[in-house]
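Hey, can you work out the whole structure from these sequences and the hints?
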Amino acid sequence: MKNKRILFMVLSITGIGLMMVYSASHIWAQYRFDDSYYFIKRQMIFVTIGLLCMAVFAKIDYHLYQRHCVKILLFSFFLMILVLIPGIGVVRGGSRSWFNLGLFALQPSEIFKIALIIYVSDYISHHYHQMKKLKSCIKPLLVTLLGFIMIMLQPDFGSGVVMCCAVVVMIIVTPFPFRYFMILGGIGIGGIVMMILTASYRMKRILAFLDPFQDPLGSGFQMIQSLYAIAPGGLLGVGFDNSIQKHFYLPEPQTDFIFAIYLEEFGLIGGVLLILLYASLFIHCLNLSKKIDDIFGSFMIIGIVSVIGIQTLINLGVVVGLFPVTGETMMMRIRKIN
1 MKNKRILFMV LSITGIGLMM VYSASHIWAQ YRFDDSYYFI KRQMIFVTIG
51 LLCMAVFAKI DYHLYQRHCV KILLFSFFLM ILVLIPGIGV VRGGSRSWFN
101 LGLFALQPSE IFKIALIIYV SDYISHHYHQ MKKLKSCIKP LLVTLLGFIM
151 IMLQPDFGSG VVMCCAVVVM IIVTPFPFRY FMILGGIGIG GIVMMILTAS
201 YRMKRILAFL DPFQDPLGSG FQMIQSLYAI APGGLLGVGF DNSIQKHFYL
251 PEPQTDFIFA IYLEEFGLIG GVLLILLYAS LFIHCLNLSK KIDDIFGSFM
301 IIGIVSVIGI QTLINLGVVV GLFPVTGETM MMRIRKIN
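Note that the working numbering has the sequence shown beginning at 1, numbered continuously upward.
Careful: at least some of the hints might be erroneous.
Simulated DEER-style distance windows between Cβ atoms [stated by the list, open to error]:
| id | residue 1 | residue 2 | range |
| --- | --- | --- | --- |
| 1 | Y62 | D34 | 38 to 46 Å |
| 2 | F33 | L106 | 19 to 27 Å |
| 3 | F178 | H247 | 46 to 54 Å |
| 4 | I85 | S280 | 38 to 46 Å |
| 5 | P232 | I49 | 13 to 21 Å |
| 6 | V238 | H68 | 45 to 53 Å |
| 7 | K291 | F8 | 15 to 23 Å |
| 8 | F57 | F99 | 33 to 41 Å |
| 9 | F178 | I45 | 40 to 48 Å |
The calculated DSSO-like cross-link candidates involving lysine-lysine, where the alpha carbons are at most 27 Å apart (straight line), are [unchecked claim]:
| id | residue 1 | residue 2 |
| --- | --- | --- |
| 10 | K139 | K71 |
| 11 | K204 | K59 |
| 12 | K132 | K291 |
| 13 | K71 | K135 |
| 14 | K133 | K4 |
| 15 | K71 | K4 |
| 16 | K291 | K41 |
| 17 | K4 | K204 |
| 18 | K59 | K71 |
| 19 | K290 | K4 |
| 20 | K132 | K290 |
| 21 | K139 | K290 |
Simulated from the structure, these hints should not be mistaken for lab results.
Note that the Cβ used here is the ideal one computed from N, Cα and C, for glycine as well.
See the structure below:
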């Protein structure tokens, strides 16, 4: 019964996503491709492929991934190296993070996240009772650090943070002493501060986060347009497909800032209901992890839920101005092109 509830919530979120992709994209799609259904058709193809893959992988014993976890991890590392090679990896949004496969693009860092979760889950399953000592966590932490460095070479700061946070959540559930988290957390914060100070575009994001109106046509543009979309939504929103900001004010609204269009059309109440749907999905999955007989399966669920949950939290937080923008704004990309 619990699995059916999880499936129902996943399909509900997917359905809402499809609805909003159409609403947010059809104006831009008509202008750019002379086809208002361009983005929704592609999204429906990806959803169909995703559902078919879900049906296939649901039939596979997940212990197969455990037996081949090192091979999967090494293969994902190979892809991460391959994407950095000019001519093989393509640049999008300022990051060389993609393989261009014709009909679609593949981001190897997403494969690495899953591979890392499988590897760390296997490691914890064999060392759970030894996790009380710092030295028992060195190996998975070093693998995570190496993966983070590879992702930052692209660079893709957002994906690197999501991956590291997911591994931290997995380790928190083990007997790992909290005082070590304080030490590792201090080192991590220091590293993040150094990366911000040594990259001007990251500093611009922080300044834009603190006051987006300092550079309204540059680093603050995306944030300002997002807030202009959210404000008119009020409690109940302006109604489905009645957004004003998607009419060339918020650049490419069907991408990272689609939640702003959702809040404009469905308001605060709609936003809260969607967040509750996500929260319910995560809670049900975490409750399921408690009922799994083996440690590997339990931690693999925790890791996957952590990746999706943290990524969701960051995305929603960026849209409403709680977090800095994790990628280049559209206006910054236009300036580079010009």
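Hint check against the structure, violated hint numbers in rising order: Violated hints: 5, 8, 11, 14, 15, 16 and 17; rest satisfied.
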